[in-house]
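Visitor: If you count by the numbering used here, then the sequence shown holds residues 97 to 176, one letter each, in order.
Hint data in this document are derived by calculation from the structure and do not stem from the laboratory. Positions of the beta carbon are idealized from the N, C-alpha and C atoms, including for glycine. Mixed in with the good hints there might be a few duds.
Said to hold, decoys possible - With a straight-line Cα cutoff of 27 Å, these simulated DSSO-like cross-link-like pairs (lysine-lysine) come out:
#1 125 / 135
#2 135 / 105
#3 159 / 125
#4 105 / 159
#5 105 / 125
#6 159 / 135
Claimed, not checked - Per label pair, the in silico range of CB-to-CB distance:
#7 149 / 169: 38 to 46 Å
#8 122 / 145: 33 to 41 Å
#9 155 / 127: 27 to 35 Å
#10 149 / 109: 31 to 39 Å
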Amino acid sequence: MKGEIEMSKQPIYLPIELHDVFELIEEGKSNMIYFSTVKGSLVQANEYSLRLSELPNIAFYVKQEYTPVEDQEVGKNETN
């Protein structure tokens, strides 16, 4: 529609727990894991070596592609 703002298709970074990090690694999806640096930047985790002792103090994120609301399955009536 004219005048409507189109949503960007940029990725979204959602916070995840440490056990989710290990699950993604087991599933071979380490390229989806990011963490926050001291300066606040997000960097891809598989490009860095981290000490096990550091892991509980790091904020991890998973990269997800943007899905428009109309394409999301949440809340859709599956009987239609």
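Visitor: Each hint should be assessed against the structure and marked as holding or not.
Guide: How the hints compare with the structure:
1. Proposed proximity of residue 125 and residue 135 is supported: the alpha carbons are some 25 Å apart, at most 27 Å.
2. Only pairs whose Cα atoms come within 27 Å are accepted, and residue 135 paired with residue 105 is accepted, the gap being roughly 26 Å.
3. Our distance criterion of 27 Å between C-alpha atoms is met by residue 159 and residue 125, whose separation comes to about 10 Å.
4. For the suggested pair residue 105 and residue 159, the alpha carbons sit about 13 Å apart, so the restraint of at most 27 Å is met.
5. Simply put, residue 105 and residue 125 have alpha-carbon atoms about 21 Å apart, close enough for the 27 Å limit, and the pair holds.
6. Of the pairs offered as hints, the one joining residue 159 and residue 135 holds, with about 19 Å between alpha carbons and a cut-off of 27 Å not exceeded.
7. Against the hinted window of 38 to 46 Å, the Cβ-Cβ separation of residue 149 and residue 169 comes to about 40 Å, which satisfies the hint.
8. The beta-carbon spacing between residue 122 and residue 145, approximately 19 Å, falls outside the hinted interval of 33 to 41 Å.
9. Distance hint check for residue 155 and residue 127: the Cβ-Cβ separation is about 18 Å, which falls outside the suggested range of 27 to 35 Å.
10. At roughly 24 Å, the beta-carbon separation of residue 149 and residue 109 lies outside the given 31 to 39 Å, and the hint is violated.
The structure fails to meet hints 8, 9, 10 from the earlier list, while all remaining hints are met.
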